[in-house]
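Peer 1: So the chains spell out like this:
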Amino acid sequence: MTFTDISRRGFLATGTAALALGPTALRAQAGPKRGGAIRIGHSGGATSDTIDPATYAAGPVVTAMLGGVCNNLVEIDAEGRAAPELAESFEPDAEARVWTFKLRDVAFSNGARLTAADVIASFNHHRGEDTKSGAKGLLDQVADIRADGERVVVFELTAGNADFPFVAADYHFVIMPDDGSGRIDWQAGIGTGGYTLEEHEPGVRIRLKRRDDYWKEDRAWFDEVTLLTINDPTARQNALVTGEVDIINGVPPKTVHLLGRRPGLSLVEVTGTAHYPFPMHCDTAPFDDVNVRLALKHAIDRQEMLDKVLKGHGSLGNDHPIAPGNRFHAADLEQRAYDPDRAKYHLKQAGLDSLDVSLSTSDAAFAGAVDAAVLFQESAGRAGIRVNVDRKPADGYWSNVWLKDSFAMSYWNGRPTEDWMFSLVYADGAEWNESRWSNPRFNELLVAARAELDEGLRAEMYHEMQALCRDDGGSIIPMFANYIDGKNDRIAHGEVASNRFLDGWKVVERWWAV
Amino acid sequence: MHPLLRMTMQRLALGLLTLFAISLFIFLAIELLPGDLTEEILGQSATPETVAAFRRELGLDQPAHLRYLDWLGGALMGDFGTSLANGREIGELLAARFGNTLFLAAYAAAISVPLALSLGLLAALYRGSWFDRFVNVATLSSISFPEYFVAYILLLFLSVKWGLFPSIADFGSGADLGTMLYRTFLPALTLVLVVTAHMMRMTRAAIINLLAQPYIEMARLKGASPARVILRHALPNALSPIINVVALNLAYLITGVVIVEVVFVFPGLGQLMVDSVAKRDIPVVQAACLIFAGIYILLNLAADLLAIATNPRLMHRK
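Heads up: the protein sequence lines correspond to chains A and B, in order.
Take 4 as the starting number for the first sequence in our numbering and just add one per residue.
Take 41 as the starting number for the second sequence in our numbering and just add one per residue.
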């Protein structure tokens with residue numbers, strides 16, 4: 004599918020078109036207004052769902068809790084910046100090591116006022132020996148959290164981090180009330196957000212009702228929101244087409260053109276940070292030779308993969324994990340293209356005539372992963388590289404195959420900041436360094452850029468790091484996927500954030516009914 | 041003691057033994073699956089420390105036999121425990137969904153059983169006619185398509201194109217009977233199409249088999265009408281196999297409808313079971329399996345009792 008095709012169908016934003024048109028072109032005409040009971044068809048729910056922020060999964064629960072029932076200290080706005088939410092303001096010290104958050108005077112839905120103790124309890128839920136939180140690693144950098152009076156919280160980090168406010172916007176770190184003993188009572192489902200949790204039947208439905216006394220005046224427009232778990236993509240689309248629901252997430256690229264054609268419906272599409280790396284273990288032969296890695300990077304036909312696996316609903320990757328929507332994306336870095344001759348040249352440099360590798364894959368990595376692996380097999384074959392596609396069971400893929408096999412497909416939703424993405428997956432010694440890559444210059448820059456408060460200098464450093472990833476790193480990153488959501492004409496919205504689907508998971512709070 | 045009563049008691053006792061064996065078997069099977077609940081829930085973001093803390097909290101760090109005995113002890117006292125994944129009471133999780141599943145099964149059975157029996161009788165009566173052939177071809181075609189295909193075809197025409205019925209069957213809490221019947225019509229119809237053929241064919245075959253018997257010929261020679269021959273003379277003797285196949289299909293309607301649940305977004309037991317297996321939530325899987333197994337046992341028992349009741353010869357077997 005070509006670019007003009009997409010724009011002609013009236014997609015709201017796609018790839019660089021979104022950037023070229025700019026925010027004003029995307030803004031809906033009429034201003035937001037209160038009212039309306041809407042239903043959202045949502046993927047990713049299960050009967051095992053919990054509202055415990057330590058273990059909740061990205062699905063209807065997070066859309067309801069992050070975007071409706073609770074607030075964070077910081078939120079990520081449509082331009083991808085960290086904007087104060089429950090924090091009135093946040094200030095770093097000169098080294099970006101001590102961060103001071105001043106809290107707003109707002110009330111939880113049970114009437115209690117927000118204090119520093121609530122914030123500390125909410126963060127401590129993810130720290131310490133006994134936590135089972137999926138976000139524990141994110142707070143390893145926090146040495147101490149302390150209150151400075153009723154409404155000031157001070158985070159002391161082990162080292163400077165200029166992007167710490169983005170961490171506070173993570174979906175795990177919603178603020179819930181302290182139960183008096185320094186713990187949060189997550190079972191109660193109480194927050195400072197624009198809605199109260201009326202009903203939660205795990206894996207079936209979540210019902211939210213608007214609070215009249217919400218502290219944000221220009222948010223939370225719907226009277227009532229019901230999030231229905233509809234995991235089957237066809238059922239989800241049917242529900243939108245038949246008017247059973249007003250909004251759905253995760254429209255599959257394969258059928259998106261059918262949905263866009265229907266009158267009364269429209270698509271909301273943004274290029275997000277989600278990407279599909281093919282990590283190679285840089286400490287294992289043959290991938291320990293950078294020439295072998297470069298040969299493989301040149302042997303993948305990115306355009307074909309984007310066209311066939313994502314049907315064009317995405318953008319090309321350049322072997323680094325920084326998405327076009329990220330602040331410090333190196334747009335001027337030359338786009339790597341399919342070049343079998345170049346691949347052969349690098350093989351020769353590595354002293355090889357041909358190469359046999361085994362690529363572990365499974366649809367658990369992402370929908371279409373097996374297709375992508377087979378496409379890679381074809382394009383690499385023309386460069387004299389034989390790729391054996393080793394299909395693994397979807398069940399247990401993340402615990403038994405990923406990080407263990409020396410060449411296995413992976414998936415990342417991406418992260419809002421360069422530092423976060425690099426620290427999580429590309430830093431030396433990181434738990435999830437899936438390519439076991441260790442580049443001294445990269446690691447030195449990573450630490451320096453993290454504590455640097457000068458934006459210009461940071462941009463330079465991140466530029467160099469993206470180039471290092473691309474030319475030395477162990478991951479092939481062929482493409483970034485778009486987030487595609489669907490809605491009917493009852494629903495309107497402003498500029499859409501690109502950090503997650505459904506407007507950065509904030510659909511409940513940001514969109515409105517017309 | 042009445043022989044029927046004694047048989048019922050024996051079968052129920054055997055049933056309990058079967059349930060025990062099933063619970064042990066299910067437990068072992070889930071233990072054999074790779075990964076446990078903590079790894080499945082934390083997924084890509086699992087680290088050794090968080091997995092260990094999670095296991096400590098849930099007692100999953102205990103050896104398997106201790107966990108099984110612990111569960112068994114609770115189950116014998118009627119306490120099936122709480123879901124490991126979200127800490128909810130299993131009784132509470134299961135109750136609404138089991139009700140939904142039973143409602144849908146009853147709805148589908150109320151249509152399909154009379155339909156299948158009358159079609160089977162008519163097909164036997166007009167054997168070889170165009171009607172017989174048409175009914176055979178139609179029901180066999182509908183059973184030959186995969187369930188989700190039948191479901192999608194019904195959705196496409198009755199919901200998306202003509203807008204007669206809703207595409208989502210979930211009727212929420214506190215809906216009245218009319219809404220419930222309207223909302224669940226498409227899944228019920230899908231199930232009807234899937235189970236009718238089996239029962240219809242069995243009815244037809246059983247009746248046709250009997251129609252060749254001398255006593256039927258005798259009835260005809262006496263001048264009994266075809267309807268009377270079939271209803272009074274043939275049907276009572278054909279009931280036993282028909283009851284068995286009806287019982288099997290009823291059990292299927294309760295235990296095998298997960299695909300229909302997914303397509304029509306209906307919160308029944310099947311989806312609960314699939315989600316719980318995927319997350320290795322053993323107590324929930326155990327409880328759901330025991331319900332399914334219990335239903336099979338009870339329906340089979342009911343089928344045998346009814347078969348004996350309709351055929352007294354079986355009670356005096358030597």
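These aren't lab readings, by the way, just hints derived from the structure by calculation.
In this text, all values refer to a predicted model and were calculated from it rather than measured experimentally.
There may be inaccurate statements among the hints.
Stated by the list, open to error - Which chain A residues face chain B? A few, computed with CB under 8 angstroms, are given here: (1) Thr58; (2) Arg84; (3) Lys139; (4) Asp182; (5) Thr199; (6) Glu201; (7) Pro205; (8) Val207; (9) Ala238; (10) Asn241; (11) Leu355; (12) Asp356; (13) Leu358; (14) Asp398; (15) Ser441; (16) Asn442.
In this text, a Cβ means the ideal position worked out from N, Cα and C, and glycines have one as well.
Peer 1: So, Leu355/A near chain B? Judge it on the closest CB pair being under 8 angstroms.
Peer 2: Status violated, d = 33 angstroms.
Peer 1: Lys139/A was flagged as interface toward chain B. Is the shortest Cβ-Cβ separation under 8 angstroms?
Peer 2: 5 angstroms, holds
Peer 1: Holds or violated: is the Cβ of Glu201/A closer than 8 angstroms to a Cβ in chain B?
Peer 2: Status violated, d = 11 angstroms.
Peer 1: Holds or violated: is there a CB of chain B closer than 8 angstroms to the CB of Thr58/A?
Peer 2: With a minimum Cβ separation of about 5 angstroms from chain B (threshold 8 angstroms), the hint on Thr58/A holds.
Peer 1: Return the status of the interface hint for Asp356/A: holds when the least beta-carbon distance to chain B is below 8 angstroms, violated otherwise.
Peer 2: 37 angstroms, violated
Peer 1: Please check whether Val207/A passes as an interface residue: C-beta within 8 angstroms of a C-beta belonging to chain B.
Peer 2: Holds, about 4 angstroms.
Peer 1: Take the shortest C-beta to C-beta distance between Leu358/A and chain B; is it under 8 angstroms?
Peer 2: Interface hint status for Leu358/A: violated (29 angstroms vs cutoff 8 angstroms).
Peer 1: With 8 angstroms as the cut and Cβ atoms as the points, is Asn241/A at the interface with chain B?
Peer 2: Because about 4 angstroms separates Asn241/A from the closest Cβ in chain B, which is inside the 8 angstroms limit, the hint holds.
Peer 1: Given a cut of 8 angstroms on the nearest C-beta pair, is the interface hint for Ala238/A held or broken against chain B?
Peer 2: For Ala238/A, the interface hint holds, since the closest Cβ of chain B sits about 6 angstroms away, which is under 8 angstroms.
Peer 1: A closest beta-carbon separation below 8 angstroms is what the hint needs, so does Pro205/A meet it against chain B?
Peer 2: 6 angstroms, holds
Peer 1: So, as I understand it, the hint says Asp182/A touches chain B; can you test that by seeing if any CB pair is closer than 8 angstroms?
Peer 2: Violated. Min distance 16 angstroms.
Peer 1: Does the CB of Ser441/A sit less than 8 angstroms away from some CB of chain B?
Peer 2: Check failed: Cβ of Ser441/A comes no nearer than 20 angstroms to chain B, outside 8 angstroms.
Checked against the numbered hints given earlier, the structure breaks hints 2, 4, 5, 6, 11, 12, 13, 15 and 16 and satisfies all the rest.
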